[in-house]
Each structure stands twice: as C-alpha cells, then as structure tokens.
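We have chain A already, so just place chain B on it with the hints.
Chains A and B supply the protein sequences, listed in that same order.
Take 1 as the starting number for the first sequence in our numbering and just add one per residue.
Take 1 as the starting number for the second sequence in our numbering and just add one per residue.
FYI, nobody ran anything at the bench for these hints, they're computed from the structure.
From a predicted model like this one, the values you see are computed outputs, not experimental measurements.
Be careful, since some hints might not be right.
To be verified - Below, simulated EDC-like cross-link-like pairs (lysine to aspartate or glutamate); rule was C-alpha separation at most 20 Å, straight line: (1) A:LYS97 <-> B:ASP164; (2) A:LYS305 <-> A:ASP30; (3) A:LYS47 <-> A:ASP18; (4) B:LYS97 <-> A:ASP164; (5) A:LYS47 <-> A:GLU274; (6) A:LYS97 <-> B:GLU188; (7) B:LYS97 <-> A:GLU188; (8) B:LYS275 <-> B:GLU293; (9) A:LYS305 <-> A:GLU68; (10) A:LYS47 <-> A:ASP83; (11) A:LYS47 <-> A:GLU59; (12) A:LYS286 <-> A:ASP242.
There are 2 protein chains.
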Amino acid sequence: MATIKVPQVVPSPAEDADALLKAFQGWGTDEQAVIAVLAQRDAAQRKLIRLAYEQNYNEGLIQRLQSELSGDFERAVYHWMLDPVERQAVMANAATKRIHEDYPVIVEIACANSPSELLAVKQAYHGLYRRSLEEDVAARATGNLRSLLLALVSTYRYDGDEVDDALAQSEAKIIRESVADGATRHGELIRIVGTRSRAQLRATFSWFRDEHSTSITKALPRGADPTGYSHALRSAVRCMADADKYFVKVLRNAMHKSGTDEESLTRVIVMHAEKDLKGIKDKFKKRASVALEQAIARDTSGDYKSFLMALVGSGMI
Amino acid sequence: MATIKVPQVVPSPAEDADALLKAFQGWGTDEQAVIAVLAQRDAAQRKLIRLAYEQNYNEGLIQRLQSELSGDFERAVYHWMLDPVERQAVMANAATKRIHEDYPVIVEIACANSPSELLAVKQAYHGLYRRSLEEDVAARATGNLRSLLLALVSTYRYDGDEVDDALAQSEAKIIRESVADGATRHGELIRIVGTRSRAQLRATFSWFRDEHSTSITKALPRGADPTGYSHALRSAVRCMADADKYFVKVLRNAMHKSGTDEESLTRVIVMHAEKDLKGIKDKFKKRASVALEQAIARDTSGDYKSFLMALVGSGMI
Chain A
1 MATIKVPQVV PSPAEDADAL LKAFQGWGTD EQAVIAVLAQ RDAAQRKLIR
51 LAYEQNYNEG LIQRLQSELS GDFERAVYHW MLDPVERQAV MANAATKRIH
101 EDYPVIVEIA CANSPSELLA VKQAYHGLYR RSLEEDVAAR ATGNLRSLLL
151 ALVSTYRYDG DEVDDALAQS EAKIIRESVA DGATRHGELI RIVGTRSRAQ
201 LRATFSWFRD EHSTSITKAL PRGADPTGYS HALRSAVRCM ADADKYFVKV
251 LRNAMHKSGT DEESLTRVIV MHAEKDLKGI KDKFKKRASV ALEQAIARDT
301 SGDYKSFLMA LVGSGMI
Chain B
1 MATIKVPQVV PSPAEDADAL LKAFQGWGTD EQAVIAVLAQ RDAAQRKLIR
51 LAYEQNYNEG LIQRLQSELS GDFERAVYHW MLDPVERQAV MANAATKRIH
101 EDYPVIVEIA CANSPSELLA VKQAYHGLYR RSLEEDVAAR ATGNLRSLLL
151 ALVSTYRYDG DEVDDALAQS EAKIIRESVA DGATRHGELI RIVGTRSRAQ
201 LRATFSWFRD EHSTSITKAL PRGADPTGYS HALRSAVRCM ADADKYFVKV
251 LRNAMHKSGT DEESLTRVIV MHAEKDLKGI KDKFKKRASV ALEQAIARDT
301 SGDYKSFLMA LVGSGMI
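Looking at chain A on its own, in the form it has when it is part of the complex (with noise of 0.2 Å):
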C-alpha cells in the first residue's frame, strides 16, 4: 500500500501547474508550496501537471524544477517526477555505470519487482537507451558478480504459486555444498538464485533453515569482496525471501549512526511512496522500535526532510 496523502478533492493539473510557476517566482522558491502540490498528487496525477505546466508555460517542469531546487530535495524530486516505471529504467541505467558500487539498484530492481513489472522496466530501457539492459550489465560488470546480476536481470521468472518439495530439498543442499566451498563454485547457487521463482526459492531457503539452523543469508560468505559479488548475492537473497524485510534493512542502514546515505533512503522512499511502503514502514516500526516518520525526522532536515516526510504519509510538510 501506498503512504502518499491525495487530498479528496484534488485541483486541475491547470491549477496545480500555477501554483508551481508561482513557486518559482518572485524572491526564491517556496519549496514548501512545490512539496505541497508534488508530494500529494499520484503519477498519473504528477504526469498532467508536466503536461498542463509545459503546455502552458512553454518549459520543462523538470528543468526548471531542477534549476529550482538542489542538493538531495533536487534529486529526490527529480526522480519522484518520472514515470514510476521509466524512473526505474533511469536508475538501472545509471547503476550501471558504477555497477560495483551502485549493484544493489540493479538487486532491487531485479529481485523486489514481479517478472512482469520487471519486463517492463526491461521495455523502457530499450525505448530511452536503444540497448538492453542485460548487455549493460554484462558489458559493465565482471566475475561472480556479472553473473549474478545477469541472471538477475534476464531470467523471466515463473510467478506463480507451485513449489516442488523434492527440488526444494535438493537445491537447499547444492546451496550448503556451494557455501561450504567457499566463493570458488558459486554456479549452481547463482543459477538457482538467478533462474528459480520466488516461491520455489522460499521453499527451498526454508528447507536450508530447517536442515542446518541457519539462513542461508547467514551461512553465505561475507568479508572482503572488492568485487561487491558477496553483498550482492545476499541482497539478492534477502529481497527474494521477503522484499519488505529486505528494504527495512537498507532504510535502517542508511540511516546508520555514522551518518546518513541519502542516495539509499531516497531511492527507498520514492521507489516505494506509492507502492508498498506502507508495509516497510510497518515493519520498520516492529524492527526499529521506532517509527520510520521519527527516524527521518531525526536524520535529514530542511526541505529534504519535509519532502520525505509528506512522501512516507507523515502529515508534517
């Protein structure tokens, strides 16, 4: 479930278009009236208003919202005005090309969405870059990790329900035995993270549990890997089993003690605002003991703090 507020009654993208231009003029930008209208509206919503402010003002919204507006607000905001499905092409593509740092975009993007919305983001690539996302991924990555996210990003997952219990048993071991080898023979474990459906791998994480009182989150190896291919693999794994689970941990980790990833609590919040936020914020509050709303009060400020606040639902902008 969404956590973004449209109020009942909602104005004219004509309307709302106005109230931006008035923002933008005069003595310095009134960020809060442009949060006000952008922070309230959906994405098809959002979308009139880029056409009704283009149509009638002759500018790009974007443009001039960027010009407008800087730091982590702009690029927060920037990306919270493209289309949810392009935004998502948009951030692949860039990760792509800071793959070893910027991998877990492609994770997400890979592993939190259904094959078919993947499919999708998939088509928008193609349309805004002329290529594939996979060859950008193969050409761009190396070793473990290029054939981990490959498998992430190409397989077209069966998505439905159907688990076999003897495959899950089986594959649970190759997994223990691929563990147990180190980071040396790590086919079989990516090609049963990177080719099996969602429930299958459940089942099979599930078996690997029981079998050895462990995660496989748990067993995998960590430590030094300049490559990211460890990390990967776990986030991989972990937004597999349980997605909400899996951006607790990332929300919780960028808002860490020693300082804040803006980067990864914005794409968070605005890749989720209007899908499904509502049930990491749930479960932010179970594993945090505190709720999402005080955690980014606490770490951001200014109007970056605000625009965050009124995309997770908090009412304060």
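Relative to the frame of chain A, chain B by itself:
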C-alpha cells in the same frame, strides 16, 4: 513468407472436421484426405477445426490423429496441429530433457525469433509447465553450454537497428582474443553473443570478417566437444547473423548422403511453413543447386513425404 497454400474458398471448420472424421473411418485411414485438409489451413483455421471436431464428435482431434497416424508423419502432424507459440514451448521443453543432443532446438527458438516472439514462447512455457524455460535450461545443461544457452533464452535483447560502430570494432577484437585463447576463456564471447542486439552482432561479425579475412564461424573452435558447446555457439552465431542461411544449412545437413535426419527436417518445415519458409526455400535453391521440394522428394517417402511437400507448397500432394 509462408509456403502453405490455403484455398481461396475454405470449407467451414465443421465441414473440415467432418472430412477428417470420414478419413478416420472405415478400413485404414485416408492419409491423403487428412493432408488435403490440414496442410492447407493456417494456424487460426486449424484451431477452429480442432474446436469443431472436439465439439461435434466428443473426442480430441490431436489424440485421434496420433492414434490414426504413425512414424515421422504422425510426429509432423502432431507438431503442425499445435498453436505456433505453444509448439515452440513444447519443443523447447522436450529439448531441455535431452539438452546435450537437442540444444539446436533451444538455439533456434532463442535466436531465430524476435525478442517479443521469444518472450511469447516463454510466457506459453510458464502456462504449460508452471516453470520457466530459463530454470529448466539452467538445471539441465552444464559448463559453457549452460552459460551460452541460458544467456540466449534469458536476454530480452534490444530489437532496434541502431549500431555502435566503435563497440562493434572493440568487441570484434575481444572475440578474436577469446577464439585465440581456445575454449578456456569464452566468458566474453558468450556475453557478446548472448546479450547484444541482432543489428549490433551483425556489425561486430562484419568487422571481424574485414579484419581477419575469415568469418567468426570459421574461426571458432571445432572438433570433439561432448557437451555440444562449440556447435551450439557456431549455431547461435549463424542464426543471429542470418537465420534463413542457418536454416538452409540445417536442411542440407538433414538431407545428407549419409541418411536423413527426419527430426530436424520436420522441425524446420513445420516451424517455418507458415512464417518464413519461402525465403529459406529460395536460398536453399541457390546454395544446393536443387529445389527444396526435389531434395525432400528424394529423401522422404509415403505420407510423410506428401505432407512435407504440401507444407513447402509444392502442390504435389
């Protein structure tokens, strides 16, 4: 272009169903009557005949055909009666079960189809088998053959005509280095063949030919390879470069002096008769200096021969 000859005035599905029932009744089956109906109807018409037959006579038409016919003829008619997309899913599934012999079926489905056609086959596969083609390929192939086939069936390739010439040049060089290295370091080669668009691959192959005065297929390693990987790689390269030419080669090999490979012959004719067999036929005549009809007439006999002749549009049925 298709080669089957659908009459200008087509009987109603009920009339065709009736003609088939009559062909099944009495002493022996009237195979020529079966061919006269089924080989001269397109996929949509065959589907309606199936429905009319099942509704009017309370038995499955395909099952009845399987019990009335036999041998290569029966297998050809069985595949011909399936919906073209489902047929490919059925053939791909059968091929995954004998993947070290039947990998050419997988290569053809992955490389001769457009990206959206391949996607449709994968969607049909989900529906029929409650699994993905990817997971079955990955679970049953091994080593380089697995890496290659998995990339071929997984990637949702870009389908446009844009070509990056600098990239084609640099990847032609990478291929050269991979080939020089023997079969030991084929990761980059598999990445390129497995993820780049058809247009991009053609440009890369063309650079390779210009630089090295030989085609990639000639430069690729040959010889004993029990996994089938080397042959699968050459097939994929050929099929991406020029699918018609590739199928001409498959047909010529299938009708070789040393004996007829009915399985391959049937597959190519049945899968392409109502799609692009006309182009394959024209190229066959140029390369083999004999018409495809003549080659088939020489290598086959009986009802199987009559059926194939009708599918290639020879009129001699």
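So, going through the hints one by one against the coordinates:
{"no.": "1", "hint": "A:LYS97 <-> B:ASP164", "verdict": "17 Å, holds"}
{"no.": "2", "hint": "A:LYS305 <-> A:ASP30", "verdict": "15 Å, holds"}
{"no.": "3", "hint": "A:LYS47 <-> A:ASP18", "verdict": "15 Å, holds"}
{"no.": "4", "hint": "B:LYS97 <-> A:ASP164", "verdict": "17 Å, holds"}
{"no.": "5", "hint": "A:LYS47 <-> A:GLU274", "verdict": "14 Å, holds"}
{"no.": "6", "hint": "A:LYS97 <-> B:GLU188", "verdict": "18 Å, holds"}
{"no.": "7", "hint": "B:LYS97 <-> A:GLU188", "verdict": "18 Å, holds"}
{"no.": "8", "hint": "B:LYS275 <-> B:GLU293", "verdict": "17 Å, holds"}
{"no.": "9", "hint": "A:LYS305 <-> A:GLU68", "verdict": "17 Å, holds"}
{"no.": "10", "hint": "A:LYS47 <-> A:ASP83", "verdict": "7 Å, holds"}
{"no.": "11", "hint": "A:LYS47 <-> A:GLU59", "verdict": "15 Å, holds"}
{"no.": "12", "hint": "A:LYS286 <-> A:ASP242", "verdict": "15 Å, holds"}
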